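Novice: Residue numbers (my numbering), protein chains in the order written: chain A, 1 to 205; chain B, 1 to 702.
No lab work stands behind these hints: they were computed from the structure. If you're wondering where the values come from, they're calculated on a predicted model, not measured in any experiment.
The calculated label-pair distances, taken between Cβ atoms and stated as ranges, are:
hint, chain 1, residue 1, chain 2, residue 2, range
1, B, E697, A, A175, 42 to 52 Å
2, B, A180, A, K105, 52 to 62 Å
3, A, G40, B, A276, 49 to 59 Å
4, A, A183, B, G663, 39 to 49 Å
Here a beta-carbon is modelled for each residue, glycine too, at the ideal position from N, C-alpha and C.
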Amino acid sequence: MIARRSLLAAAVCLGLAAPAFAEPQLGQPAPPFKALDAQGHERSLSDFAGKTVVLEWTNSGCPYVGKHYGSGTMQALQKKETAEGVVWLTVSSSAPDMQGYFTGKTAQAWAAKEHWAGTAILLDGAGKIGREYGAKNTPHMFVIDKAGRIAYMGGIDDRPYADPESLKGAKPYVALALADLKAGRPVATPVSQPYGCSVKYNSAE
Amino acid sequence: MMRILAGLALALVMALQMAAFPAAAQPEGLAKHVTAQLVADQQGVAPGGTVRVALRQQIQKGWHTYWRNSGDSGEATRIKWDLPAGWQAGDFTWPAPRKLPVGPLMNYGYEGEVLLPVAITAPASAKVGDKVTLKAKASFLVCAEICVPEDDDLSLTLPVTAGPAAPDPTWAKPIADTLAAAPKPAALAAVFQPRPGGVALAITGAALKGAELAQAYFFPFDSTVIDHAKPQAIERGPDGLTLTLAPGYGFQGGKAPASVAGVLEAGGKAYELTAAPGAPPPGASGLGPPAAEGQGGDNLGLAAAALFAVLGGLILNLMPCVFPILAMKAASLAGHGGGESHAEARTQGLAFGAGSVLTFLALAGGLIALKAAGSAVGWGFQLQSPPVVAVLCLLMLAVALNLSGLFEVGTSLQGAGSGLASRGGALGAFFTGALAVVVAAPCTAPFMGPALGWALTQPPVAALVVFLALGIGFAAPFVLVAFAPGLLSRLPKPGAWMELFRKALAFPMYGAAAWLAWVLAQQAGADDLAKLFAAAVVVALAAWLAGLAQRRAALGGKPVILTAGAGVLAALAVATVVWPQDEAAELQTEPYSPARVAALRAEGRPVFVNYTAAWCVSCQVNDKVALSTHAVAQAFARHKVAYLKADWTKRDGAIAAELASHGRAGVPLYLVYGTNGGEGVILPSILTPDIVVKAVEAADRH
Numbered sequence: 001m002i003a004r005r006s007l008l009a010a011a012v013c014l015g016l017a018a019p020a021f022a023e024p025q026l027g028q029p030a031p032p033f034k035a036l037d038a039q040g041h042e043r044s045l046s047d048f049a050g051k052t053v054v055l056e057w058t059n060s061g062c063p064y065v066g067k068h069y070g071s072g073t074m075q076a077l078q079k080k081e082t083a084e085g086v087v088w089l090t091v092s093s094s095a096p097d098m099q100g101y102f103t104g105k106t107a108q109a110w111a112a113k114e115h116w117a118g119t120a121i122l123l124d125g126a127g128k129i130g131r132e133y134g135a136k137n138t139p140h141m142f143v144i145d146k147a148g149r150i151a152y153m154g155g156i157d158d159r160p161y162a163d164p165e166s167l168k169g170a171k172p173y174v175a176l177a178l179a180d181l182k183a184g185r186p187v188a189t190p191v192s193q194p195y196g197c198s199v200k201y202n203s204a205e
Numbered sequence: 001m002m003r004i005l006a007g008l009a010l011a012l013v014m015a016l017q018m019a020a021f022p023a024a025a026q027p028e029g030l031a032k033h034v035t036a037q038l039v040a041d042q043q044g045v046a047p048g049g050t051v052r053v054a055l056r057q058q059i060q061k062g063w064h065t066y067w068r069n070s071g072d073s074g075e076a077t078r079i080k081w082d083l084p085a086g087w088q089a090g091d092f093t094w095p096a097p098r099k100l101p102v103g104p105l106m107n108y109g110y111e112g113e114v115l116l117p118v119a120i121t122a123p124a125s126a127k128v129g130d131k132v133t134l135k136a137k138a139s140f141l142v143c144a145e146i147c148v149p150e151d152d153d154l155s156l157t158l159p160v161t162a163g164p165a166a167p168d169p170t171w172a173k174p175i176a177d178t179l180a181a182a183p184k185p186a187a188l189a190a191v192f193q194p195r196p197g198g199v200a201l202a203i204t205g206a207a208l209k210g211a212e213l214a215q216a217y218f219f220p221f222d223s224t225v226i227d228h229a230k231p232q233a234i235e236r237g238p239d240g241l242t243l244t245l246a247p248g249y250g251f252q253g254g255k256a257p258a259s260v261a262g263v264l265e266a267g268g269k270a271y272e273l274t275a276a277p278g279a280p281p282p283g284a285s286g287l288g289p290p291a292a293e294g295q296g297g298d299n300l301g302l303a304a305a306a307l308f309a310v311l312g313g314l315i316l317n318l319m320p321c322v323f324p325i326l327a328m329k330a331a332s333l334a335g336h337g338g339g340e341s342h343a344e345a346r347t348q349g350l351a352f353g354a355g356s357v358l359t360f361l362a363l364a365g366g367l368i369a370l371k372a373a374g375s376a377v378g379w380g381f382q383l384q385s386p387p388v389v390a391v392l393c394l395l396m397l398a399v400a401l402n403l404s405g406l407f408e409v410g411t412s413l414q415g416a417g418s419g420l421a422s423r424g425g426a427l428g429a430f431f432t433g434a435l436a437v438v439v440a441a442p443c444t445a446p447f448m449g450p451a452l453g454w455a456l457t458q459p460p461v462a463a464l465v466v467f468l469a470l471g472i473g474f475a476a477p478f479v480l481v482a483f484a485p486g487l488l489s490r491l492p493k494p495g496a497w498m499e500l501f502r503k504a505l506a507f508p509m510y511g512a513a514a515w516l517a518w519v520l521a522q523q524a525g526a527d528d529l530a531k532l533f534a535a536a537v538v539v540a541l542a543a544w545l546a547g548l549a550q551r552r553a554a555l556g557g558k559p560v561i562l563t564a565g566a567g568v569l570a571a572l573a574v575a576t577v578v579w580p581q582d583e584a585a586e587l588q589t590e591p592y593s594p595a596r597v598a599a600l601r602a603e604g605r606p607v608f609v610n611y612t613a614a615w616c617v618s619c620q621v622n623d624k625v626a627l628s629t630h631a632v633a634q635a636f637a638r639h640k641v642a643y644l645k646a647d648w649t650k651r652d653g654a655i656a657a658e659l660a661s662h663g664r665a666g667v668p669l670y671l672v673y674g675t676n677g678g679e680g681v682i683l684p685s686i687l688t689p690d691i692v693v694k695a696v697e698a699a700d701r702h
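Whenever a hint applies, use it, and build me the whole structure from the sequences.
Specialist: In structure tokens:
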């Protein structure tokens, strides 16, 4: 019965999600992608096969992103996780002329200024990866397990506010999901509501 | 000196930063995008009394603040009160929000000016004469394309009055209006049920009976329940409606929320409701989607619709495809003008009426059955098939040639009053009625399309009533003439003038034939047009031979060879245009699955998905006239298009859900995915090779 229901739900989601937002499904293979990073190297999800991968959608001008970088919590998590072998990809899907649009140069300058500590910043000005993943917000977070399946998707924590005060006592979903994966436990909260600014896609699309 | 240097360095750093962060160059939060203040509906408050205090936001043009559920991004306005001891503040009363689509996302919020009222209660111990200051910190996210969090420390000072305070001259009315218009519970029963096509939210109650539902929309309180950006399909029922919602995060992994609460906006009113899991009641569906706006059909009662249909039927008599046939038939009735043959005229009138009404009903029945089977058809559906168009064109030509006098049908017109014709008269009249409806169809399609489209969204019985009324209107003039001896005797007596009249009437029929040839050219292209013209020439030859044979027969000869030759040629002509195309090009297809689409798109190939079914007539027509043509095959090869077939011949939940997500209840549906990602492009339900080729080219250009 449960199997049937989830099958049904999977069918529902597949059917509904395909056209506008090919939203990745929890436990399903993460959609493959290719993009240039800030240094101009081509990065592909398959380069990181066998590793845990974090996808973080960003927009340098978004106050919610500002909350996590201004306080240093985002960089601290990046530093800790990359040191432990996790691949951390920060993705900018802002379209040209939109807030937070990155070229290789501006991405590097932002990384230096914020002491960003991830693996690579992916330039997705066309919004291709963003749409593939159904990224709605900055920050919108995804964790892909070592088998290449979506293990977590949603907000970085449970406080959908721009106010830095809200960081106090927040439940850090991404950090907790990564800890669960490392310990070989099922992820306790695998899906949460993403929050933040809208991803600044090219609206003409 | 040092200060100047430091200043220069700072300026340099700032300039560099500006260059590095063009989009962020405008420092956010410096200019206010929202002006906020507290306003009260009374000039004071009595001890133990309540005053409504509203947070008023004047929002800069192009910017918006958010509703309690902000949608896909953003953040609801919040307020933190700092009140004297004993004073209490309630929660915001949220006015119904606006839908604010941003790119592929959907937000709910407010633009322009909004009042968010809060009830503030004074303690019974409040001292009369005191001035009390109500303080609050309001924080709101205000967004245009970018978002800025803004805070405001606000306060409002009110006197404590002995009795009920006077209303505030400026704000009492706006606050009262806001509260009156705000969503309220309205004894609506609501249940939700996850289904293959989405989450069905069924809402029933007295407030929804007869309400205008075309714009109905559900705003959930919780942002995890639905995918906000997806359209909400509306199905009406006798007691309410059913919305099909795209599930949100709350439904992931086979889970479902315990309840779905929110605001239903329908017919200009907003209702609060909470839906529990359960099966939708039958009264929440069954009447189809509301008519599209602008057609104004939704309020059209059945009686009014039937009346219009009768009028429409009357007008049809004047159509170029119909008038010649009817005019001649009516003129022939005039031959019955003399006393004893009135009965005969009546019989013929009734037979004609029965023929046309029954043909209308048969067409309506066919249409309803096709619709029920999932085919996207409309009136004129019989014209979507090129062979039918071609045969109708030849029929028009044959009627025109007949009117031109090339040959006669049955007996000559002059002999219509003879005993021979009267015998077969009733049957003949019946078929004249049927024929008149069939040839009327090309004329009805453009003129009656929207009205009949409305009829088809109604339950079958209502649709049949409308078609019946149309048939009655159509048959009425003829039947009336047949039944009114006065009218009949007033019709001009048959004579030599009829020959002239008849030949003149041939020309509208030639026109109708030419028009149908043009339709065929649109549908099927130059090759089929050439075939049709060849067939038309053969039909003309057959008609001439038939006329020749008839004239020989009239002289007492037995022109067997001529008659047979005419018949064979006519059959040959029809066969030419009906015979399936043999030059069809078979395309390589593979079965559809969402995973296959994703894989092919990852390879960077354009993907063409054909949602089809064996029983879907228009799908087959499209396959024949568009997809199986050389032009399409070449285009697919040129652009390396992957062609996937989603076969819906048998029930398939995944395909049904996919169709529903595009707002379709059935096939055909054609989607073209470009190489650049993004949404699939929906092609029209009626394809031509040109449409497909252009769509494929566009998909590859990206």
